Amino acid sequence: MRAEKQKLFEEGKIKKKDLEIPIVSQGDDNSYYEEVPYKIPENWEWVKLGSIGIWNSGATPPKANCSYYSSATIPWLLTGDLTDSYITNIPNKISELALKETSVKVNPTGSILIAMYGATVGKLGILTFPATTNQACCACSKLFQIEKLYLFYFLMAERNNFKFRAEGGAQPNISKNKIINTFIPLPPLPEQSRIVDKIEESFAIIDALI
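Its first residue numbered 1088, the sequence shown is counted upward by one per residue in our numbering.
No wet-lab data here; the hints were simulated from the structure. As the structure is a computational prediction, the values presented were derived from the model and not from experiment. Possibly wrong hints are sitting among the right ones.
As the list claims (entries may be wrong) - Pairs of lysine to aspartate or glutamate residues, derived as DMTMM-like cross-links and limited to a Cα-Cα distance of at most 25 Å, are as follows:
| # | residue 1 | residue 2 |
| --- | --- | --- |
| 1 | K1265 | E1234 |
| 2 | K1229 | E1278 |
| 3 | K1192 | D1171 |
| 4 | K1135 | E1234 |
| 5 | K1263 | E1234 |
Please model the entire structure based on the sequences and the hints provided.
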């Protein structure tokens, strides 16, 4: 993971601050470790979500500026568009001017999206085309040493935990900071693929029974 991040840094694709890889060590002979949720196999490691990709939250261009929404061609996702699956349609659009003049960012194809606000907290999606999002959504792209679907299914399993950690009154929410500081057990890539295959095999059996 460290070598891959260094290569991306040298190519100018990530910033220096993104080189840090906070690995949580749990071995008895190690003198440095943080409290971990549970024991994992020796060839796995605990890392924080912030270390396995680039995370960005979205924004809403000011509605008072009509030019941000006229002649609009850039998909702009709201959390209601998340389907816990691949995103194939985003009805709302913003203009190139909005992209240029506001803090909205385009997330690449394959980015994993997670809702942070209200009743949709923890709702997920995977982009099948580049798109922007509003501020209620967080996107993860440029994954490091982690299978996209392994991350997706981990986030799905963590949904109730995210909801429990949500704060606020009428509209409880989680923050990007809470997401990126969440621990994830990271097995070797071949093991990640086997886990994903087993999950999808189980889903197929369940679907066949319904």
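> So which of those numbered hints doesn't the model satisfy?
Replying inline: none
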